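Peer 1: Residue numbers (the working numbering), protein chains in the order written: chain E, 1 to 241; chain H, 1 to 241; chain F, 1 to 241; chain Y, 1 to 241; chain C, 1 to 241; chain Z, 1 to 241.
The set of hints was computed from the structure by calculation and includes no laboratory data.
Fair warning: this is a prediction, and the values are worked out from it, not measured in the lab.
It is possible that part of the hints are untrue.
Computed spacing ranges between beta-carbons, pair by pair [what the hints assert, rightly or not]:
#, chain 1, residue 1, chain 2, residue 2, range
1, E, 221, Z, 197, 16 to 24 Å
2, E, 221, H, 236, 38 to 46 Å
3, Z, 197, H, 194, 19 to 27 Å
Here are some chain Y residues the structure puts well away from chain F; computed CB gaps all over 12 Å [as the list claims (entries may be wrong)]:
#, residue
4, 17
5, 24
6, 47
7, 61
8, 66
9, 68
10, 115
11, 168
12, 169
13, 196
Ideal placement from N, C-alpha and C gives every residue a C-beta, glycine not left out.
6 protein chains.
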Amino acid sequence: MKLRVVTPITTVGFACAEQFAPYVRTDTELSHVAIERGPASIECALDEALATPDTVAKIVEAERDGVDAVVVNCMGDPGVEPGREAVSIPVVGPCEAAMHLASMLGHSFSVLTVLERLRHRVEERARRYGVRDKFASARAVNIPVLELDGDRPAMIAALVEQGMRAIEEDDAHVLIFGCTGMFGAAEQMQAGLAARGYGGVPVIDPIVAAIRLAETLVDLHLSPSKRTYPAPPTKARCSSE
Amino acid sequence: MKLRVVTPITTVGFACAEQFAPYVRTDTELSHVAIERGPASIECALDEALATPDTVAKIVEAERDGVDAVVVNCMGDPGVEPGREAVSIPVVGPCEAAMHLASMLGHSFSVLTVLERLRHRVEERARRYGVRDKFASARAVNIPVLELDGDRPAMIAALVEQGMRAIEEDDAHVLIFGCTGMFGAAEQMQAGLAARGYGGVPVIDPIVAAIRLAETLVDLHLSPSKRTYPAPPTKARCSSE
Amino acid sequence: MKLRVVTPITTVGFACAEQFAPYVRTDTELSHVAIERGPASIECALDEALATPDTVAKIVEAERDGVDAVVVNCMGDPGVEPGREAVSIPVVGPCEAAMHLASMLGHSFSVLTVLERLRHRVEERARRYGVRDKFASARAVNIPVLELDGDRPAMIAALVEQGMRAIEEDDAHVLIFGCTGMFGAAEQMQAGLAARGYGGVPVIDPIVAAIRLAETLVDLHLSPSKRTYPAPPTKARCSSE
Amino acid sequence: MKLRVVTPITTVGFACAEQFAPYVRTDTELSHVAIERGPASIECALDEALATPDTVAKIVEAERDGVDAVVVNCMGDPGVEPGREAVSIPVVGPCEAAMHLASMLGHSFSVLTVLERLRHRVEERARRYGVRDKFASARAVNIPVLELDGDRPAMIAALVEQGMRAIEEDDAHVLIFGCTGMFGAAEQMQAGLAARGYGGVPVIDPIVAAIRLAETLVDLHLSPSKRTYPAPPTKARCSSE
Amino acid sequence: MKLRVVTPITTVGFACAEQFAPYVRTDTELSHVAIERGPASIECALDEALATPDTVAKIVEAERDGVDAVVVNCMGDPGVEPGREAVSIPVVGPCEAAMHLASMLGHSFSVLTVLERLRHRVEERARRYGVRDKFASARAVNIPVLELDGDRPAMIAALVEQGMRAIEEDDAHVLIFGCTGMFGAAEQMQAGLAARGYGGVPVIDPIVAAIRLAETLVDLHLSPSKRTYPAPPTKARCSSE
Amino acid sequence: MKLRVVTPITTVGFACAEQFAPYVRTDTELSHVAIERGPASIECALDEALATPDTVAKIVEAERDGVDAVVVNCMGDPGVEPGREAVSIPVVGPCEAAMHLASMLGHSFSVLTVLERLRHRVEERARRYGVRDKFASARAVNIPVLELDGDRPAMIAALVEQGMRAIEEDDAHVLIFGCTGMFGAAEQMQAGLAARGYGGVPVIDPIVAAIRLAETLVDLHLSPSKRTYPAPPTKARCSSE
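Please model the complete structure; the sequences and the hints are all you need to start from.
Peer 2: Here it is, written out as C-alpha cells:
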C-alpha cells in the first residue's frame, strides 16, 4: 500500500516521511510532499484558502503517481473536500478523522489548538463534520505553529495544563491535538495527565489517526462518496495561465 | 458610498456594474470587477477553492481603492471568510445574506440551485450560517451556470416548477435563487408562482439582498467581528512567487 | 417611502419620530405612534400579551394610512406575528432583525437585556427565530426599561461591563442591545469596549437594524410570506365590544 | 381539589363543565368559564393574541376564587405563559401537556390539526416546548374549529385518514388531536385505526391530558417555576382604562 | 387500579409498598417487588445491564398478575424499554417521567445525581428522551446510593447546596432528584432552597412523578405505542436454561 | 495482536473466526466466541437486554485471556457500554464504528436493517453516537436475522433495492448494512448498485469496520475514556447466584 502525506504549507522541514514511519504498517510505503505555493503555516481562514489550490494539485499528482490514499497534514483539513472531487482515491483530513475517532472513545472531546483565534473555527469544524453534540470545547496553548517545535517541554506542559482545564471545566472525556505540529506528543501528554490524576483520558494525535484511517479505507476498498464529491465538470479553471 | 461587486469567475461578460444600478441607492457608486485567475464558473468545491485566492486579492484591492463594502457575486460565498480577515470593511456573501433575509420572512426557505450535485452543499451552508432549522430543502433546475442566460424563459419555467414543488413537497414558505446568475428574475418568478396559485411567497434574489445588506452595514458603521475574523498573522504566504 | 414606528407601550415620550431621523434615508418619511391601551413598559410575558392587541390595531391602521412598512419598537417583538397576518406590508421586529444581522457579522452573539428575569426569554426568542446555534448568552444590566434614560452614563457603563463579560466568559463575538430603550448608544459602547481592549466587536442597535431592514424590504418589494402569515379567517373577534 | 377550565373563545356553548366530568377524579370539583372578549374561535396568531388578555384575567380570577389549578381549553395554549407569571397556582396548556405525554409514549408523535395554515405553528410549538426531536409532523383535517362538532363521523373519518398517513408517511408512533374541539373522540379514533390495521397507536386527547396533569401538579404541590415565570413588576398596564 | 413498583436492585429493604402509600390515590392498590438477580444498587452501565433481565421478568409477571401499570424504581430506567415490548400495560420510568414533568414546569432543569460518574449518563438520557434542549446540567452530591438513607440531613444539605449551584451557575429553573433513593425529600429541599433565597423552584421527586403518570395512563387507557415497542418475535431467548 | 469477536446470540454456527480472516491483518490473531445464555438472534430491545449480561462476561473473559481488543458482533452494540466499564482494553461496536466511518465518507448515510420494527432504534442509535445530523434514514429489507443466510441472492437484491430508494428518496450518500448477518456482501452490493447507475456509493460492512477500528485502537494504544466508562464500584451484583 502506498500512502502520501501532503503538507499544505511551504515551510521547509516542517514534516518528512521518516517521522511517520513508526505509525504505518510494515507493508505501507509512505511518501511525503509539501506544497510549493502557499503560506508558511496555517493559522487562519486566509492561510487555509491560499494553501488549498496547491494542496489539491498535490492530491491529483498523488493519484497520478499511483498512490492509494492521501493524508493532508493540517488540522484545518485544507483541500480535502475539493481534493475528493478531483480524485477517486481516499483523501483523509486529520481533523475529521480525529473528531470521529474521539467521538467513538467517549462522551465528549476537546481540541487543544494553537491560538485563541482558532477556537471558534474548531467548533465550526465539529459542526461541519456532524459531531457538534460530542464537542466539549476548544482551548488554545497560545504557541504559534512554527514555534511548537522549538520548545517541546513547554508545548507539552501547555497541553497538559489546557487538557486538565478541558477535563475539569468543560467536561471533556477525550482530548485531541489541535495542530499536526504537536505530532508525536500523545504518549508524553497522557503520562503528564496521569501524573496529575487524570489517567484514562485518551489523547488523539490527529495525523496518526488520519494515517490509520487511510490504511483502513484502502484495505476496505472504500473511497469518499461520489454523491458528495462528484468529479468536477469539465471547464476552464485558470484562465490567466 | 462606494460598493464593489467582485465576480469570482473568469468568464468575461457574466456580470457588469450597470446591471446592478437599479438595485443600489442613488447615492451609491457601484463598481464591478471579475477575478483573473480561477474557474469559468462555480459549480463544485474545486471551483470555489480555485476562485478564492484571487477573490481575496480583489477584496483587498477594493479596500485599498477606498471602497466602503464588497459583495462577492456567487452563491458559494467564496472568499468571504478569508476576505473578512484581510480587510476591515464589510464583505458580504449573497448566500449568507439571502438565507438570513429568508429566515426573517417566513417559517422555512428552500434554495433553487443549478445542479443536483450542489444540493447538499447548500444544506451545509445553511448549517454553517446557523439557520439549519429554517432550511426546508435545496432543489435543482438542472441548468449549468453559464447556460442560465441562454434561455431565460426556460430558466424561469424551471424555477417556477421547482419552486412549486418546494412549496408543496418540502413545506417551503420562502424561496431563494441558488445562483447569482438567476439575477433579475424574482419579479417574473413571483408572478409565475401567483399565476399557478402560489401568491404571497417571497422570492429572494441573493445578489440584490447582499447589495442592500452592504449598504446597510456601511450606513450603520458595522463590519464583521474581528473576534471571528481577526487580521491574519504576518508571515510568508506565497513562497514560490 | 413611508415607514411607521409603533411603540407598544403607553408611556408618553418614550420615543418619537424625530429621534429616528438620523437613521432613515433622506427619502424616507417616518411617522411614530404609541399604543393607547397596554402596559407602561414591557418587561415580562404579561406585558407583551397586554401590549399586543393595540399594537396590532396600530399596524392595521398604518397599512390603511398608506404606510409602506411598520417597525415595532420593542425587543419582545410584540404584535409582529399577528400583525403580519393582518396586513400585507412588511412588519419588522427589532429582536428578529438584530439577531439575524448579528448572525451575519460573526460566530456568535450575546444580548444585553434589562433584567435578569428576561434572560431566558431572549434565549427562547433566538430559538424561535432559528438562530439558537449563534446565541452565546443573554446578560442583564439590571436597570428597568423606564430608568434607562435617567442616567445614560450609568447605562453605558453597565452595557460595557456586561459586554466585556459576554466576550470573555460566553465567547460572544457580536453584541446586541436587549432593549430599544438603549437606542443611540452603540457608538459610545463600541468606543467604551475599544478603550478596554475589545475593539472590533460590532454592537447592534436593534431598532436601527429594524428600520434599515424595513427600508430594504420595501425597496425589494418583499413582504413576510403569506404561507407563514396567511390572512386571518373572517369571524367575530371581540364579541363583547 | 378545585380545577377550572378556561375556554379562550367567546362562542357560547363550545364547552361546559359537565362534559369534562368523566375525566376528573371523583374528588375534583371542576368549573368552567369562557372569556367574554376575544375571538369566536382560535385559528391563527391574531386569534391567539386577541384571546390572551381576557384569558389571563380569567386565570387571575380563578386564583382569587380559590381554584387550585387552571387548564386553558385551546391547543394554542393562549395565555398560559403570562398567566403563569400572574398567579401562583398551576396553569396548564393542553398542547404542552399532550406533546410531553406523547413523547413519553413513543418514538415520535404527529398532531392532527384543523387547518393547513396551522401546521407550521404546531411545529414551532414543539420546538418551543423542547420536544422538536420527537415531532414527526402536523397534518390538517381541513375542518374549521366551529364546524368540528357539526358532523362528528366526518371529523373522525378525517382524523383516521390523516392519522394513517402520519403513521405511514411521517413515521408517527403516537397521535395527538390538534384542537380541543376534537375532545372525546380518542376512543373512536383508536378503534378506527385498529380496524384499518393500526392498532397499538396511542391517541391523545389534549384537554384530558391537561386536566390530569393539573390534578397531578396539585397533588404534588408543584407549580411552574418562578424563575421562568416571576411575578410581573408592578406598573400601569392599561393606561386608557 | 393496581400499580406495581419494581425495584431493580437486590438490596433487601431499599423500598417497600408502604412508603409509596401517601402518593397514590385512595383507590389505587400498590404492590412492590424487588428483583432477585442483579446488583445491590445501580451506579453504572454495568449495574443497569445486570438489573435488566430480572426487571423485565418482574414486569411480565406483573401483567400476568393483573396489575394495571408498572413503575420501575430507579433513575436509570432499567428494563423500561424491553419491558414495554414484553407487555401491553404501561411501564413507566421515573427518569423519563421526571424529565418531561420538569420540562413542563420551566425553561430548564438540572438533575442532582449521586455520583460524578453518572453525570454524563444523565445528559445522554435527556437526549434519549428528546428533551436535551431543556437540560441545564447534572450535578452530583457524591453520596453512594446505599448511603443516602444513612444520614438524611447530610443528603438534604448536599442536595440544597448542589441545587443552588445548579440555579446560579447552570441557569436551572427546575430541579430533579437523580436517584429514587432520595425519595420523600422534595418538601424539605424546597424549604431549604426557599430559606436561602431560592423560593419558587420546583423540586421533582421522580418516583412520585412516575407513580402519578402511571395512574394517569391507566385512567386514560393509554399504553406505550406498539409501533415503538412491538411485541418481541417468538424465538428461543435463554438457550442454556 | 489478539482480537476477539464476541457474537451475542446463542445460535450455533452464526459466525466463526475463519470467516473474518480475510479482514484482519496478517499479524492479527482473531478468536471468536458466542454467548451461551441469551437470545437466538437480536431483533428488539428485549433481545438486546437478554444478550447483554453474558456478552459482558465474555468481554471480561477476553481481557483475562490476554486479548487486546474485543468486537461485539451485532449492530445493536449490546454489551459495549457496560463492557467498556468492566475492562481496560478497547471494546468496539459495529454500529458505532460504521456510523462514524460513514460520516467521514459523505454528506449522509442510511442504514439497511432487517425489520421495520428496528428502524426507529437505528435512528436513536445515530443520535446516541452523536451523528444524528448525518443520518438520512433507516430502511428494512424485511428478512429476519436468521433467514439472511438462507437466500443470499434475495438478500442482496433486497439490499440493492432499499439502497437505491435510500439514495433517491432519502438523499443517502453512504450505505451501511444494518445487521452483521449481512457480512461479506458489500462488494456484491456495490456492484449491484453500480449496475443500476449508482456507482461511487460506499457500502460499509459494519463488522469489518469494527475489526479494523479495533486494530487501529490497539496500534495507537487508545482505549475508551475512563471518564465515560469508569470501572464499576465494587459491590454484590448477582445476589441470587
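Peer 1: Looking at the structure, which of the earlier hints fail to hold?
Peer 2: Structure breaks hints 3, 6, 10.
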